[in-house]
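There are 2 protein chains.
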Amino acid sequence: MTSTMLSDLGRSATRAPLPGRPVTFRDARIEMAHGAGGKASRRLVEGLIAPLLGMTPGEPLTDAAAIEVGGVGMALTADTFVVRPLRFPGGSIGDLAVNGTVNDLAVSGAGPLALLVTLVLEAGLPTALLEAEMRALGAAAAAAGVAIVGGDTKVVEHGKADGLYITTAGLGCADRRLQLSARSVTAGDRIILSGPIGDHGITVLLARGDIDLECDLRSDTRGVWPMVDALAAAVGAGVRWMRDPTRGGVATALNELARDCRLGIAIDEERVPVRDEVRGACELLGLDPLHIANEGQFLAVVACGRADEAVAAIRATPGGEAAAIVGEVRTEPARTVLAMSGFGGSRVVDMLVGDPLPRIC
Amino acid sequence: MTSTMLSDLGRSATRAPLPGRPVTFRDARIEMAHGAGGKASRRLVEGLIAPLLGMTPGEPLTDAAAIEVGGVGMALTADTFVVRPLRFPGGSIGDLAVNGTVNDLAVSGAGPLALLVTLVLEAGLPTALLEAEMRALGAAAAAAGVAIVGGDTKVVEHGKADGLYITTAGLGCADRRLQLSARSVTAGDRIILSGPIGDHGITVLLARGDIDLECDLRSDTRGVWPMVDALAAAVGAGVRWMRDPTRGGVATALNELARDCRLGIAIDEERVPVRDEVRGACELLGLDPLHIANEGQFLAVVACGRADEAVAAIRATPGGEAAAIVGEVRTEPARTVLAMSGFGGSRVVDMLVGDPLPRIC
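Those sequence lines, one after another, are chains A and B.
So the first sequence is numbered by my numbering: it starts at 193 and just counts up by one.
So the second sequence is numbered by my numbering: it starts at 193 and just counts up by one.
Some clues are possibly wrong.
Pairs involving identical chains hold if they fit within one copy or between any two copies, as the list cannot separate such chains.
Unchecked claim - Capping the alpha-carbon separation at 25 Å, the derived lysine to any residue pairs in SDA-like fashion look like this:
id, residue 1, residue 2
1, Lys231, Thr319
2, Lys231, Arg279
3, Lys352, Arg218
4, Lys352, Glu323
5, Lys231, Ala320
6, Lys352, Asp402
7, Lys231, Val261
8, Lys352, Gly401
No wet-lab data here; the hints were simulated from the structure.
Isolated chain A (complex conformation):
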């Protein structure tokens, strides 16, 4: 789901590595920021983990690895969920664990076939809590139309986990209507966003009770496959690239796109849907909504001439009513994301730096 995860370093053997400076990791210890999905996460994964695991450096980031077996195209992805608190308005770790993994498959252009679920349980965990989360997992999988076919259960001593951690692995079948690649993105292509951003991150932040702010906000946790399916039916190969902007938010996802397609991304800030509650909380907390995690939205790059059809298809699907064209791809400035304000000004939008929102998924 999040764009700087290890999962986002799927191999694609037919492509040459991207040029660029090799990333190095020099921190002596792991810090919370290394899990936040921003620049520090990228340094850890690209500078240390991926090379030692034998993964090809400099590959474009994707949400799931593409695998071909006996002529059948498949996608494979895995995510671990450590969200705190376990339950929050609109959702819980159980449905997050299904939706996050199914969405990684969806934005890779794959419909979900099967899920595996593994659990780390802390000794002393009330059975009622585990039962509620297993029920949420089962319900989310049923809603997504995907079978849970296996998994694993481990128990650690009290104090060695925070209630429970869930890992979900997903296998998907590549949808032949879609041919996605950051390298097929062209100047003039439009950036489409499926709906309002920041709901999940701000909801979880407020659910922790550390901040004295009340508002009626719910996580957007939701499977995006029905929207992706509608998009594929409407414009097919007119879709060039997709991503679900989870940890690190829209800003991080678009910066990765800019890097991978070697072009510039310009977004019109006034067109980016943001609820008043999210905007207000971000202003109070000094956060940028573009950096806040989402769990039920996706970004798509669509060929210019097909963008209106694409938006109409997403809007006609439940959850996609607020879909909008929010920007475009430009030749300059290359590898940069610019946000244009209503007053003709612009600012560079960087990836998430630091760790304003730990354990958001």
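Fit chain B to the given chain A structure using the hints.
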């Protein structure tokens, strides 16, 4: 890997559910024993988790789920590793995480195609430790000839994990030479064990330093696919069933077989290879070697007339030199494992009860 895990409840849609009493889970809280791979684990998984996740009750236990996509048979499995300590003589969590998952595929009759790796890191973890484990993971994957194609990295606060937890998901390609099913097991079939048991469990227990006992023992952590491959080449469909006896040991694996094939299993205790160090430690600690976890052995049921060829094939493969026929399948007493002693006596061998060895993998 371990036989009472959630992963062992793979669907096999072509089979009717097994008859038998439904398992119920009534414990109010999760305890360490629920993760030990024995009876308590089975109650948790079969009585609570699997039904809520929509998995078919009463299905035979398997180590990986069988999936067919576009006519291609595949196996899918996932395991989480929480072993303590992270390093022990002969191995570490990194190579355990690869071998455990690759072995689950192997005993399901599938060669490994791709792995995903997800990490839960504790803030404050020394980078050098993470680096060593990523190196171990990469080396084990290279040795098994399997590519790591993706994953995820999360960080939790100091004290919310025990250094690091690793989850590996594996996709394998079903080997057409093998047709494995507990229901194809027939009275007269032979039980084959690939080598000495208990090395992993006793090594990890001693590595914790809680017990004042020194001996020169190493974990058997190892990929068993080369042995399985040799077995398949030698006797093909003569192999009826396989299992890697991890958590819960040989006793638990054979009890599950007895339940699933509805026959009796008789093992000749004198033929079960056990090193003197393991036997001695077990005597001192009041443990049965048949309950101790292994990470580089497998059990196979082979048609009577092919058993000698099968043993010869395993013995000719590195790691399998001590393979032996250790027992046979009988009609009576059904659903029971008996150990026959050298003096003509016999004892019932039950599944692991309680939790003598927490966090062994």
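Here is how each hint holds up against the structure:
In this homomeric assembly, Lys231 and Thr319 come within 25 Å of each other (Cα to Cα) only across copies, at 17 Å, whereas the closest approach inside a single copy is 38 Å. Taking the shortest alpha-carbon separations for Lys231 and Arg279, neither the intra-copy value of 28 Å nor the inter-copy value of 30 Å comes in at or below 25 Å. Taking the closest pair of Cα atoms, Lys352 and Arg218 come within 25 Å of each other only across two copies (24 Å); inside a single copy the shortest separation is 27 Å, beyond that limit. Taking identical chains as interchangeable, the C-alpha atoms of Lys352 and Glu323 lie at most 25 Å apart whether they share a chain (20 Å) or sit on different chains (22 Å).
For the identical chains of this complex, Lys231 and Ala320 are inter-copy neighbours only, at 20 Å across copies versus 38 Å inside a copy, given an alpha-carbon limit of 25 Å. Taking the closest pair of Cα atoms, Lys352 and Asp402 come within 25 Å of each other both inside a single copy (23 Å) and across two copies (19 Å). For the homomeric pair Lys231 and Val261, neither the shortest alpha-carbon distance inside one copy (34 Å) nor that between copies (37 Å) is at most 25 Å. With identical chains, the CA atoms of Lys352 and Gly401 are at most 25 Å apart both within one copy (23 Å) and between copies (19 Å).
Comparing the model with each numbered hint stated earlier shows that hints 2, 7 do not hold.
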